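K.L.:
For reference, the chains in residue letters:
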Amino acid sequence: MEKNKLSLRGKNVLGLEDFSPEEIRLVLDTAKEMKNIIHRDIKKVPTLRGKSIVTLFYEPSTRTRTSFELAGKYLGADVVNITAGSSSIVKGESLRDTLYTIEAMGVDAIVMRHKAEGAAEYASRVVSPVILNAGDGAHAHPSQGLLNLFTIEEHKGHLEGLKVAIIGDVLHSRVARSDIYGMRKMGMEVHIAGPKTLLPRFLYEEPGIVVHERIEDAIANADVIEVLRIQLERMKGGLFPTTREYARIFGLNDTRLKLAKDDVLILHPGPMNKGWEISPFTAYGKNSAIQEEVQNGVAVRMALFTLVLTGGKQA
Amino acid sequence: MKILLKGGRVINPATNFDETADVLVEDGRIVKIGAGIEDKADEVYNVAGKVVTPGLIDLHVHLREPGQEAKEDFASGSKAAAAGGFTTICTMPNTKPVVDSAALVRSLKMRAQEAACVNVEIIGAVTKGQEGKELAEVGDMIEAGAVAFSDDGHFDANAKVMLNAFDYLHTFDKVIINHEEEPTLVDEGVMNEGHRSAMLGLKGRPSVAEDIAVARDVLLAEYAGARVHVAHISTARSVDIVRQAKKRGVKVTAEATPQHLTMTEECVNLFDTSTKINPPLRAAKDCEAILEGLKDGTIDAIVTDHSPHAQEEKDREYIYAPSGFPGLETSLGIMLTDLYHEQKLDLPLIISKMSYEPAKVFGLEAGKLNEGSQADITVIDPELEWTVDEKEFYTKGSHSPFVGRKLKGKAVLTMVKGKVVMQDGKILD
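The listed protein sequences derive, respectively, from chains P and U. The numbering of the first sequence is the working numbering, which starts it at 1 and goes up by one. The numbering of the second sequence is the working numbering, which starts it at 1 and goes up by one.
No wet-lab data here; the hints were simulated from the structure. Please read all numbers here as calculations on a predicted model, not as lab measurements. For glycine and all other residues, C-beta sits at the position ideal for the given N, C-alpha and C. Check the hints yourself; a few may be wrong.
What the hints assert, rightly or not - Only part of the chain U face toward chain P is listed, based on derived beta-carbon distances under 8 Å:
| no. | residue |
| --- | --- |
| 1 | L185 |
| 2 | E193 |
| 3 | G194 |
| 4 | H195 |
| 5 | L202 |
| 6 | F271 |
| 7 | R316 |
| 8 | E317 |
| 9 | I319 |
| 10 | L384 |
| 11 | W386 |
What the hints assert, rightly or not - Listed below are several chain P residues computed to face chain U (Cβ distance under 7 Å; list not exhaustive):
| no. | residue |
| --- | --- |
| 12 | P46 |
| 13 | G76 |
| 14 | D78 |
| 15 | R125 |
| 16 | H139 |
| 17 | F240 |
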């Protein structure tokens, strides 16, 4: 078969800008197989037995780190977690030296989250284990972009031609950037919206996307709406007046939801600012796939590990 | 001691001289320029096919002494200058401690005497500690030999402090060099705000931060009747602001770097910190505007903004790396390759912007090839092909974005006060 010629073995997963549509397709198809494993009673396959994976997290995370860890463990790999607060990083060790230390222990893959844009790419140039970017500043979060695609396809049966609205804090969002590359490559119609203060000023120059300042314009007739988390912790304040006003003018609520298609799918990368960027009814309603995304995240990360560490052949 | 440079193309922007001629140097001074000089000399250099110019002058260099000798010092930085064809470099005061007193100016002038192989001029801080609050003892520093003043590295946001500085320095007719980026707009930005920063997720430094800073300083200088020099100009709009101000007779001058002339934000990627500079690499239209500014006289000088950092400081995450790279050893090569050979600027203009005109900005007795002038002379081979190799740098700095570039044109001899300090790229002891 055609897809067997394609191999992601050894590929660093840094951002979806580096992925071809065929490579994304391969990940999504592999994730489908992986999802079956999660549904088994005994969730353990020997695909990655004898492989070791380190998660290196310089920023807090619940779902992404756990998701990568479980994905590795379900596949039989040994997974070790390093977080910035409990390692030599607090003693001022440079990123290069930390990476050298991990490499010297014979690790096969490093899953990395870091505040600095490009940290994962830097790592990929410094050490030899495969690097999987679990989020680098506002740059990229490729596994989240892939699990969004996987979730959308699971519900809609296809990706091409779907209209997606990505709304909220695009400025600080690595998810948005991975979405833009991933969704566009898979033929989706990408609309971006939020208050102008939360949109990168020159984003509109990016070909193949439409940028709106009113979320209504983006939501209209949408097949998919992804609400991004307002990242208050990365703001110095003043980008919008109050959360109260934000909820009234830019929040996704039931009234605005009616502008979209009836079967619109709601996504959110979490954690949610419930009550203002997204109303609870919307977040937990029939259109929401927010909880499903978490499960799909494990499947997609299993697929990534399998593909980059074994090339996809079942052990 | 007599030295004769025979048969070169002699370019002297001070007199618009551009002819094949010989240059005779005696006891540190130029004594004769003309065709067929037959005087007996102790040393004769055949420079046929080469270009003989006033020693190049760089108004904007960070020699890092005192306090940051891991990045650079007077010895290493001046060798880099000589290797690049510079005979006079002016060093910025954002050191540790900041050069904000006559005592420090005097000690650095002594350091220059003992450690530097080219002329080093000292720029003093405008405000104490470069904090932008209280005026430093600039009068004292002038008496100690400071040639100009700058709080370079950042912009003094307090307009009253800057107006005060313009007024006070008016008395001494010294120029203030300002780093023009309004800090609240720059914030934590690390590259130009544009489409590229939007997609990389890096925080932007908007061009308007420079535009409003240049506008403010031009207006303040105009109001005070004082002199302002715009450091490393980088935006099309600020070039135009300077152009309009010059037309009105404002005493404003400006400088630009080879990197802002020839590189854009598209060169920025997340793993190569060499492209991280302040002000940041801008858009193609800004490069074109700087080129126009050089041609029409809006921009007076080419400078390097030589900003060396230690290897380990630049080798890290993009947002954490310090800004700047060493430029002394690549500046002339880039100008000749990308502007002269690309037929965007002619050779006399490039030489003028790198010697005669910058000397005028600071009022230096340099930058001329006149009979009687101090013999600071650079010989350039405009056709010499070479490749930028960091291992051959004299500077301690690393991470130049020009590493690996194949260039055409290089200084092959640097003479300071009648003494040859560099020949064929090698510093002579």
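K.L.:
A separate judgement is required for each hint: does it hold in the structure or not?
P.N.:
Status of the hints after comparison with the structure:
Taken as an interface hint, L185 (chain U) does not check out: its beta carbon lies about 12 Å from the nearest beta carbon of chain P, beyond 8 Å. A hinted interface residue such as E193 (chain U) counts as satisfied when its beta carbon comes closer than 8 Å to some beta carbon of chain P; here the least separation is about 6 Å, so the hint holds. Interface restraint check for G194 (chain U): the shortest CB-CB distance to chain P comes to about 5 Å, inside 8 Å, so the restraint holds. The criterion of a C-beta within 8 Å of any C-beta in chain P is met by H195 (chain U), whose closest approach is roughly 4 Å, and the hint holds.
Checking L202 (chain U) against chain P by beta carbon gives a least distance of about 5 Å; that is within 8 Å, so the hint holds. Hint status for F271 (chain U) relative to chain P: holds, with the closest Cβ pair at about 5 Å, below 8 Å. A hinted interface residue such as R316 (chain U) counts as satisfied when its beta carbon comes closer than 8 Å to some beta carbon of chain P; here the least separation is about 6 Å, so the hint holds. Interface hint at E317 (chain U): satisfied, since its Cβ lies 4 Å from the closest Cβ of chain P, which is below the 8 Å cut-off.
Residue-level restraint check for I319 (chain U) holds (minimum Cβ-Cβ distance to chain P is 5 Å; threshold 8 Å). For L384 (chain U), the shortest C-beta to C-beta distance to chain P is roughly 33 Å, which exceeds 8 Å, and the interface hint is violated. Look at W386 (chain U): its Cβ only gets to about 27 Å from chain P, farther than 8 Å, so that hint breaks. Interface hint status for P46 (chain P): violated, as the beta-carbon distance to the closest one in chain U is roughly 35 Å, over 7 Å.
Annotation: G76 (chain P) was flagged as interfacial toward chain U, and the flag is violated, the nearest CB pair being 33 Å apart, outside 7 Å. The beta carbon of D78 (chain P) comes no nearer than 28 Å to any beta carbon in chain U, farther than 7 Å, and the hint placing it at the interface is violated. Proximity of R125 (chain P) to chain U holds as hinted, the smallest CB-CB distance being about 6 Å (cut-off 7 Å). Given the 7 Å rule on beta carbons, the hint for H139 (chain P) holds: about 4 Å separates it from the nearest Cβ of chain U.
For the restraint placing F240 (chain P) at the interface with chain U, the shortest Cβ-Cβ distance is roughly 17 Å, beyond the 7 Å limit, so the hint is violated.
Of the hints listed earlier, those the structure fails to meet are numbers 1, 10, 11, 12, 13, 14 and 17, in rising order.
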